[in-house]
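As a plain string of letters, each chain reads:
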Amino acid sequence: MTPQPIYLEEKLKEVQESGRLAYRSKSMPTWCPGCGYFSIVDGLPGALNDLGIAPKDAVVVSGIGCSSRFPFFVNTYGFHTLHGRVLPVATGIKTANDALTVIAVGGDGDGFAIGGGHVPHAARRNVDLTYLLFDNGIYGLTKGQTSPTSSVGFKTPTSPYENPDQPLNPLLMVLTYGATWVGQAYAGRPQQLETMIKQAIAHRGFSYLHILSPCVTFDKTDRTYVRLGDLVRDLPANHDKGDLGAALHLAMDTATPALGVFYETQRPTLADALDGLVEKAGGSVGQKRRTA
Amino acid sequence: MTPQPIYLEEKLKEVQESGRLAYRSKSMPTWCPGCGYFSIVDGLPGALNDLGIAPKDAVVVSGIGCSSRFPFFVNTYGFHTLHGRVLPVATGIKTANDALTVIAVGGDGDGFAIGGGHVPHAARRNVDLTYLLFDNGIYGLTKGQTSPTSSVGFKTPTSPYENPDQPLNPLLMVLTYGATWVGQAYAGRPQQLETMIKQAIAHRGFSYLHILSPCVTFDKTDRTYVRLGDLVRDLPANHDKGDLGAALHLAMDTATPALGVFYETQRPTLADALDGLVEKAGGSVGQKRRTA
Amino acid sequence: MKTDIQIAICGSAGEGTIAAGDILRNALAGAGYRVISFDAYPAEIRGFGKCVARLRVTTEQAYSLKEKSDVLVCLNDEHGIPHVGEVRDFGAVIYEAKSIVHLAEGSHVSGHIRPAQVPYPLAIRELSERATGAIRSRNMVVLGYIAGLFHLAKEPFEKIINTKFKGKGKAAEDNHKAFDAGYETGAATFKLDDVNFGPPGKGLQAVMLNGNAAVAKGCLDAGIDNFFGYPITPATTIMERLAVEMPKRGKRLLQTEDEIAAISTTIGAGYTGARSATATSGPGLALMSEMLGLGIMAEVPSVVFVSQRGGPSTGIPTKTEQSDLNIAIYGGHGDAPRIVLAPTNVEGCYRCAGKAFEMAERYQTPVIVLLDLYLSNRYETVVMPAKPPFEPNCDKPVPKGDLGAGYKRFGFTEDDVSPRALPGMAGGMHVVTGLEHNELGRVNEQPEMHEAMSRKRHDKLKAALQHPDFTHYKRFGDEGRVDVGILAWGSTVGECLEVMFLAHLEGIACAVMKVVMLSPFPTEAVAAFMDDCDAVLVPELNYQGQFAHLIQAETGRPVHRYNRVTGTPMRVEDIMAQVRRLAKTATRKAA
Amino acid sequence: MKTDIQIAICGSAGEGTIAAGDILRNALAGAGYRVISFDAYPAEIRGFGKCVARLRVTTEQAYSLKEKSDVLVCLNDEHGIPHVGEVRDFGAVIYEAKSIVHLAEGSHVSGHIRPAQVPYPLAIRELSERATGAIRSRNMVVLGYIAGLFHLAKEPFEKIINTKFKGKGKAAEDNHKAFDAGYETGAATFKLDDVNFGPPGKGLQAVMLNGNAAVAKGCLDAGIDNFFGYPITPATTIMERLAVEMPKRGKRLLQTEDEIAAISTTIGAGYTGARSATATSGPGLALMSEMLGLGIMAEVPSVVFVSQRGGPSTGIPTKTEQSDLNIAIYGGHGDAPRIVLAPTNVEGCYRCAGKAFEMAERYQTPVIVLLDLYLSNRYETVVMPAKPPFEPNCDKPVPKGDLGAGYKRFGFTEDDVSPRALPGMAGGMHVVTGLEHNELGRVNEQPEMHEAMSRKRHDKLKAALQHPDFTHYKRFGDEGRVDVGILAWGSTVGECLEVMFLAHLEGIACAVMKVVMLSPFPTEAVAAFMDDCDAVLVPELNYQGQFAHLIQAETGRPVHRYNRVTGTPMRVEDIMAQVRRLAKTATRKAA
Ligand SMILES: Cc1ncc(C[n+]2csc(CCOP(=O)(O)OP(=O)(O)O)c2C)c(N)n1
Ligand SMILES: Cc1ncc(C[n+]2csc(CCOP(=O)(O)OP(=O)(O)O)c2C)c(N)n1
Ligand code: SF4
Ligand code: SF4
Ligand SMILES: [Mg+2]
Ligand SMILES: [Mg+2]
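Residue numbers (my numbering), protein chains in the order written: chain A, 1 to 292; chain B, 293 to 584; chain C, 585 to 1175; chain D, 1176 to 1766.
This is chain A alone, in the form it adopts within the complex (with noise of 0.2 Å):
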């Protein structure tokens, strides 16, 4: 009864052969077998490695969940804060060091229920970072509680009855902030996850991705891999990602969630403005920091 080896022997070899171990931290992940989560710790590795981000030059923020285990299921610089806390944190680190790459991950609850006000700072600020929510409807870590993102109805420990409370909609929300990259993807699909993580981490500014992904442990009638993936499609060949109309609209459909890239557009990333800053102040921009 100890637990089930996630990796097996053939996956290791994969990984090891595509340069992406450099990638992947000693410690075992500690999810469920099943869980959702395993896909996103395989794709970022890739997204990385394809993008010529080496290990240093990463840090992997997150809040607290099953989610925010992340960091230590990577070999990367990493920051494991407080429940809710990964965006501010992340800014922080990015305002402080221009030439790390940031990723900042966590859970439904880390990010919409107590984190919730500071994404739309984030997000107008423009921060050059990349938010992985990991969306699977629960609290996890405490042991499947309603979260912001659970179904009407859904029955919970904190919910016997069902839960009452109409669901947010993060992809609309984040929207209407002013990411300047936001896209949805599904644990279920992999690759086209890992093709989302690099681009994702490519654009410039700040990038949402959203991620559902089930929790087998105690989601068994929701969210499950069956449900979601009957739901899931691809976004329309035609749709537009300049468009934030378009894009409005088709996030607000949340019952076959789209996967794709919703919206992406250019402006100023929160260091362009800050160093616009100095440019007027009569100072000298881009000066070494003292950071490696």
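These are calculated hints, taken from the structure and not from any lab test. Ideal Cβ positions, reconstructed from N, Cα and C, are used throughout, including at glycine. Possibly wrong hints are sitting among the right ones.
Unchecked claim - No more than 27 Å apart at the CA atoms, straight line, and that leaves these computed lysine-lysine pairs for DSSO-like:
| # | chain 1 | residue 1 | chain 2 | residue 2 |
| --- | --- | --- | --- | --- |
| 1 | B | Lys-435 | D | Lys-1341 |
| 2 | C | Lys-748 | A | Lys-143 |
| 3 | B | Lys-447 | D | Lys-1339 |
| 4 | D | Lys-1571 | D | Lys-1637 |
| 5 | D | Lys-1343 | B | Lys-435 |
Claimed, not checked - Reference excerpt, derived from the structure (chain D facing chain A, CB under 10 Å, subset only):
| # | residue |
| --- | --- |
| 6 | Phe-1403 |
| 7 | Pro-1422 |
| 8 | Ile-1435 |
| 9 | Ile-1442 |
| 10 | Tyr-1446 |
| 11 | Gly-1448 |
| 12 | Gly-1468 |
| 13 | Leu-1469 |
| 14 | Thr-1608 |
| 15 | Val-1618 |
To be verified - To list a few chain C residues with every Cβ distance to chain D over 12 Å, as calculated:
| # | residue |
| --- | --- |
| 16 | Pro-699 |
| 17 | Thr-773 |
| 18 | Val-828 |
| 19 | Ala-1010 |
| 20 | Gly-1012 |
Here the structure of chain A is known, so what remains is to put chains B, C and D with the ligands in place on it, guided by the hints.
Okay, now just chains B, C and D with the ligands, sitting in the frame of chain A:
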């Protein structure tokens, strides 16, 4: 050099005769002469009076800011809470006592900087209260710093070279949160403002009224009466307030803010939902609360 | 014959270890014994780590678990081996006789049993398979075996199994079968150890509750109107239980978006006159700090349950600690006096929960009730009072005729508590605020007003030190002068009492004072106790000695500290060593 | 001749009261005097309330304002009248001779001047109108009048007026004219009082700063990289000044969405090795409590400036108080040790600010610097060191060769500080976390590890008590045994020193110990000081006696408290009364 009398004799007589005086507190507003907030404190009594809500049955809840001094200037029950906490306190009050009319008021900083995490949840739960947001694009009480709705380029003591951050669009955001009544008014049009306050209170569910209001002391250049007066416009006559898409579209235009009801719909309130749980549990709903 | 037997069941979560412990303690409580029980869980999300269910079964009152167990059941060799040592001489070790896998030398429990211990090899897996066709019911086999071996009545077990697996069809049936198979084997086994269950005595009409369940029951019995909370270990189960029970009574519970919202809604509800509460752990309490200050300033009742866990920061969420005393008492800006209660056992959780509502209402202020993981999750048999011992309404009403223009929400009164008009009352309109204010509640920043209102906010709490029908503190053990006095709080008090009994056996004059009301602090009583002691020992599950610090601050006198942060309850033996050391010094001084 | 003159200017904000005080103190500092100055503002948003600008001008070092002023200027009768009493005998009262409005009997300043005071009626309004065509420059008229009356050189005034109104066109010109008009009148007035300015002595090369400006300067001189903050009185001006200065140096400042974000970004930046800070007041500190705990657990440097104001809750935002000591030291859950510094004067603000960055980096922990409104807003002449006395880098580097597989971010070391690899360094990859962890930073919940890491987090701070080139505490006054010893902290120390001088004059043996490092606490030094005192007095601007409490907690010995919460600085006379009382008891005991 003693404070100028804000209320002319005639004005006072008019108010007295309308029966609205009962709703005015004996404390005179401490706002700067000319502040847009005077229109709001003039409008609320009219709205309450017209709706037949007695002063004893109304609770005005606020955060911290110039705007949040509001409860002291009306004669109802009042709770002047903490910076950013107006909505959860108001939710607690309404949840504990359905019989009260709960009006939440606060500034742009209060609501969308420090309090920004609470708005989505009050809206999605459709708490049956009215949220009057006083948007002056500035932190008035602390003497004129940048707020999350300040324009790019605006200069304040905390952005002496210019405000580098793209402002938030609260109207647009609140629409995506699931608010069931969303409107915009302007302190420079007090008649319309009063009518809209009345409509917002009359609405069953979470109603959000965004009120554009100049800060005459700390903003001499951007959102002055003169400039705002030129920009605001009425809602297009053919606007369908049942159409969320149309409302989102309208809200995206911040250059020429439209005044009127953007969106209105009906769904169960938080109290309805909680009563539903009681029914499911076999309890008896609507039991008399301990309180008056 | 007195019964005092401690049983430990050791295995992984997947093996039903905790479930077995749960049935066992409930069955024994059902049989009329007193039980105290505390399980250790794995920290990881996925449930394969080690679990230990431990219970002590007695006829007399016991205060903590014992150092040594009388019976150990190993469902799993790997997890069992480290625990063989905790079995006393002539105690029983029950283990799998026929392991499925081939175990290496030294990996089998049998190789670790001391000669003085009594081994009971049992074909657990085989018995389960034979009885039910599957190995899943191994935990039931050992339960049955214990019952059979120690000649316990079957009926209480059967009853519990029935309730626990009601509506689960075949699972219930299998469990009964496995239990029976184990029982028969046990009954037929020759018992060599000296573990003997006597009759439960006159039998207790007790219920089995853990601290969090007792808190929930206290809330319900005190007539809680509203609960608002955000999940966090180890407090979550308070909300989970109330989520089931409150709707049945027509009451409303809401899971909020975070802890700031939880305390804000709680205070909002409290403002309307509702009895409202929230529950959290250290990190949540930290987030609530600012809003608690508003509750204090605006004089609004609210109740906050805080179950402590390992800190600082996220710390060790699944281990116990007593390190949130500082933040509970001092964790607000400004002069922010508050009531802090810390129950010391499960019954105390029930009492403190109910009394907290009384006090919040009576003194118009937030009340913090400090538990910890050990107390939240520890089960005890509790004899419930016939009628809830809580006042349904402690609000100070506005005298007739006062409502109207002259009503002073914050008027100065003899007891410094002002009559409270609630929203909806005609003529009582007023504004409450976090700004300093005058008697009417209007903003007032005059020096005299700030001094007067500061005094009011502090002095009104003095009466809480006399709050009726409540144990604020209590002295146990030797009267008069003692060699060593132990000052204790919270879940650690049980261990301290056990230490005291040991000390008496060793001829050391020893007394324990437990302090339940930590703020306002019963300074006089504590100082008087200290007067009686040659040495004062303060054992706590924190690193800094937070209670010791508090005592020194309040009395201006020094104490001896003993601190551990192992994440586990204090060991009686460790405290005893300190008592011996201090007693020696005391004697030397006296000589 | 020694100069020691206190001038108060009283009027409303609209009358340029504060501006006049500002020019006066800068001009006198420019002339080479020492100045200490503190203004009182109205609390309301709209600026018509009473303002009082007060400054004490000396040639020797002074420590606080005086009880009595030597000169009072009333720009406005209503606001002036209550202050006439603060002028000493033979002091000067300057007031409007020709009020615009007809004032009722008793509403004119002149009617309130005591016989022993010297009245100087002045046609302020008329002079302003005549000189500039408007009454707006009345404040300049009185400034000129003071300069003329007391034979002060014109030049420093002219210089300040020039700088202050540079680019303001006619305003500058008008102000000069009004000043001249006042000066002429003053010079021509026969001076009857005994207020005499002596020469400034050798002259100070000093700058005039208030506490917040000194903090900002300390940050800049220590090489601050990033600042994150959210506006709150009385801390806002720290951010406002840095917002001007940091971009000039290529550094980044960001106004965050709230205080939780402010401390989170600060810690994020600190994690990368940047020197980063935030500033707030009590309410903001309450919100930061949880994140500060992460800084402690994850051992990330950060600096938090906290300027205290009246509490609890929103309290009295525009008045001073020292009631956030508890939350600064104890305001976190778990055993969360932190460094807390409290400067006692403006120069100390500068030093503590810079040293805070050193300590944060050296001990890898958050450092809280506690100011209060009185200190934040009080101006003093400060002689700046030739070179910033701060180390530019106190980080403990990873020894060569250690980076790579074996690197232990939280390795146990002799001084309990572990070498820190920063993001971007090859081979140093690690995860920092709020969970308990092992030397590598991996989650670890073993009892031994938690005990060892708890010890590490506490013990590493001990070295801070010896941090180089820093005054942790200091004793003033009589050596050896004294009748009364005063233990003081923060902005109140100045008044305590003035009390000590008074006590000496009255023959009371008296010493003051100021404590700048409040956590970790210099227990030994404080206890040694207490040993020397027949009685120990602890005066504080809070209700509870938070520092007194801390001293008792740390030393286990009792002290005498003296507490006020008037929102204003301590009155020297009030503390002196306590000293006299205690000295009497002390003598009686000795007798
Ligand atoms: C301040 C605070 N409140 C509550 C918690 C308890 N807590 C830990 S994780 C979590 C929610 C986890 O849900 P989510 O963010 O969706 O992540 P998941 O586990 O589902 O991946 C909660 C409530 C905490 N650690 N800190
Ligand atoms: C926790 C906390 N942080 C900061 C403050 C200081 N503060 C008071 S009001 C305010 C902002 C006011 O702006 P807004 O909400 O827009 O209201 P306005 O004054 O413009 O009406 C701030 C930052 C505070 N009172 N509490
Ligand atoms: S509890 Fe759910 S979210 Fe957490 S690891 Fe297990 S499956 Fe994944
Ligand atoms: S400061 Fe601005 S917002 Fe505040 S009262 Fe004055 S005008 Fe109104
Ligand atoms: Mg989740
Ligand atoms: Mg505003």
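Hints, one by one, checked against the model:
1. Lys-435(B) - Lys-1341(D): holds (23 Å)
2. Lys-748(C) - Lys-143(A): holds (20 Å)
3. Lys-447(B) - Lys-1339(D): Judged against 27 Å, a Cα distance of about 20 Å means the pair holds.
4. Lys-1571(D) - Lys-1637(D): holds (17 Å)
5. Lys-1343(D) - Lys-435(B): holds (22 Å)
6. Phe-1403: holds (7 Å)
7. Pro-1422: Because about 4 Å separates Pro-1422(D) from the closest Cβ in chain A, which is inside the 10 Å limit, the hint holds.
8. Ile-1435: holds (7 Å)
9. Ile-1442: holds (6 Å)
10. Tyr-1446: Nearest chain A Cβ about 6 Å off; hint holds.
11. Gly-1448: holds (4 Å)
12. Gly-1468: Status holds, d = 8 Å.
13. Leu-1469: holds (5 Å)
14. Thr-1608: holds (4 Å)
15. Val-1618: Holds, about 7 Å.
16. Pro-699: holds (29 Å)
17. Thr-773: holds (36 Å)
18. Val-828: holds (28 Å)
19. Ala-1010: holds (29 Å)
20. Gly-1012: holds (22 Å)
In the structure shown, no violation is registered for any of the earlier numbered hints.
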